[in-house]
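**Q** Chains as they are written, first to last, in the working numbering: chain A, -11 to 284; chain B, 229 to 451.
Keep in mind that a hint or two might mislead.
[To be verified] Taking beta-carbon pairs under 10 Å as the criterion, some of the chain A residues facing chain B (in silico):
no.: 1; residue: Trp18
no.: 2; residue: Ala58
no.: 3; residue: Phe59
no.: 4; residue: Gly62
no.: 5; residue: Ser64
no.: 6; residue: Arg136
no.: 7; residue: Ser185
no.: 8; residue: Thr187
no.: 9; residue: Asn245
no.: 10; residue: Asn281
[Unchecked claim] From the derived model, a few chain A residues whose C-beta atoms are all more than 10 Å from chain B:
no.: 11; residue: Ala44
no.: 12; residue: Glu74
no.: 13; residue: Val75
no.: 14; residue: Asp118
no.: 15; residue: Leu149
no.: 16; residue: Asp160
no.: 17; residue: Gly166
no.: 18; residue: Ser236
If you are wondering where the hints come from, they were derived from the structure by calculation, not from laboratory data. Ideal placement from N, C-alpha and C gives every residue a C-beta, glycine not left out.
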Amino acid sequence: MRISNLNKCSCALLCAIPLLGVSPLALADWGSSAKVEMRYDSNINNAQLSDDIASATVLGVGAAASSFFAFEEGNSLSISAEANGEVYNNYSGVNNVSLGATAAMRKKWALGAYAPWTAISVSAAHLNFDNNIRDGWRYQAALQGGKRILERWDVRAEYMLERRTAEELPPDQPGISGDVFSQSNRSLTLNAVYTWSDTLLLTFGTLWRHGDVVATTSETANMIASSQAIAADPVFGPHLYAYRMTASSYGLNVGMNIVVAERSLLRASMMRVLTHAEGDNDYARNVLTLSWNYNF
Amino acid sequence: MPKANLIVRVLLAACATLWAALAGAGELHALITDQNGQAMEDAVVLARPVDDRNAVLARPVRNEMDQIDKEYVPHVKVVMVGSKVYFPNKDNIRHHVYSFSPPKVFELKLYSGTSAPPVLFDKAGPVTLGCNIHDWMLGYIYVADTPFFGKSAKDGKIVIADLPEGEYSLRVWHPDMKGSEEATVRKVKLEAAQTVNMEWQLSLKPVFRIPRASVSGGAGAYR
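Extracted from the complex, chain A is given alone in its bound form (with noise of 0.2 Å):
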């Protein structure tokens, strides 16, 4: 989907409100909330080679404001503003922060806490890093839906297109774009919620995405050939490359959800993505996250 578009979608969204003829900001259940996550991946550049492999251990905190409209009919907006920022440990040219907004319009389908749901929403933030060769918008549309198909089991599928833009950089290779981190791509995840008990939820997801991938490793002709962008990577090393290329990616996500207090949650979670790009050059990433949020 085009940028364009994107925005388009989030205008009639935010026009639709009063179309549906109440006084939203009277009806607005306001929240905000506030997280803090500590982060270990094991391979940030999505490298093939265990030389080129950078992992690093990530400390992130965001805050986020949101209102939701009820209307008739099963039908709710969102609208959300968040701001995350991220420190890296060793690799600081990646530290950064975002600032973004968030509308969803969600129909429930039927009466009750069973009933089947679907949303769509649309996303957009700017993207701030340390160095700056990676600076540029994220905009996300989405569609999702979900039920809860048993008293414990809650399920929901989403489908997103995203596309990333930055600053495009002078060619390196004759021939070959430097615009490495403008990107897009599309995904779909499907994940359950099981109700252990009231304090302790735990979560399954799996994820399929095909799209743009940005690989910051060794030079090598079959990665050049099979690149459709590259420019140097500093933020790596003096002589690695950042790869534009084609692929597919495969995950397994799973999580465990405390409550530690009425307004106050406890989440650690797992996840292993295997990917395969253009060029051979396939490579996997572990990420273990602990977060801790807070709604106001």
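Put chain B on the given structure of chain A with help from the hints.
**A** For chain B alone, coordinates are given in the frame of chain A:
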């Protein structure tokens, strides 16, 4: 309910209360515990006169089931058959109250404040309440077929006062109880001015409640 009928009921109730006071009304003291001996809150004890002549009708009172901080307050409410219940919304947002329970299937579509009309509960039995906006909201209205009922406090104790002399069929209900109300039925004969102490130990089923916490299921972690 026709107005004349209502007046007759009120007069009957007043006469019964006066009669109970003159004759020396009895009291039922009940204690409800779970299988581990822990006191149980929100258990309902019903005392139904075996002789229908003692089945006096309750005075109509204004019944309310509040919605406060996206929860039903109280969690369990007992009303008598024929009662109307108001559902004031004390949050600054809208709620959508519904029930699928056989004694009363109803829906109060999105509203705020006190704009929703009262709901008439004309069949006995437990009614489970939900909110179509906030799935975790859960409340119960027990519609009693007798005016003699009580609900246990945190200490598991219930006192049902002003019971006329006679024989009663007692039973207990709790939203988390395993088994039926019928399995808890006991008969008791109450003399004038007599106090009877009763205890019930209920087995509870595993409690499930849709959590209030929002969990994405991990989708966010992929990005």
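**Q** For every hint, state whether the structure bears it out.
**A** Hint-by-hint comparison with the structure:
1. Trp18: At about 9 Å, which falls below the 10 Å cut-off, the nearest Cβ of chain B leaves the hint on A/Trp18 intact, so it holds.
2. Ala58: Status holds, d = 5 Å.
3. Phe59: This hint holds: A/Phe59 lies near chain B, its Cβ roughly 8 Å from the closest one there, short of 10 Å.
4. Gly62: With Cβ-Cβ at 7 Å, under 10 Å, it holds.
5. Ser64: 7 Å, holds
6. Arg136: 8 Å, holds
7. Ser185: Holds, about 9 Å.
8. Thr187: Since chain B brings a Cβ to about 8 Å from A/Thr187, closer than 10 Å, the hint holds.
9. Asn245: 5 Å, holds
10. Asn281: Result: holds, 8 Å to nearest chain B Cβ.
11. Ala44: 16 Å, holds
12. Glu74: Per Cβ check, A/Glu74 is outside 10 Å of chain B; nearest 13 Å; holds.
13. Val75: Given that every Cβ of chain B is farther than 10 Å from that of A/Val75, nearest at about 18 Å, it holds.
14. Asp118: 20 Å, holds
15. Leu149: Non-interface label stands for A/Leu149: nearest chain B Cβ at 12 Å, farther than 10 Å.
16. Asp160: 28 Å, holds
17. Gly166: 25 Å, holds
18. Ser236: A/Ser236 clear of chain B: closest Cβ-Cβ about 14 Å, beyond 10 Å.
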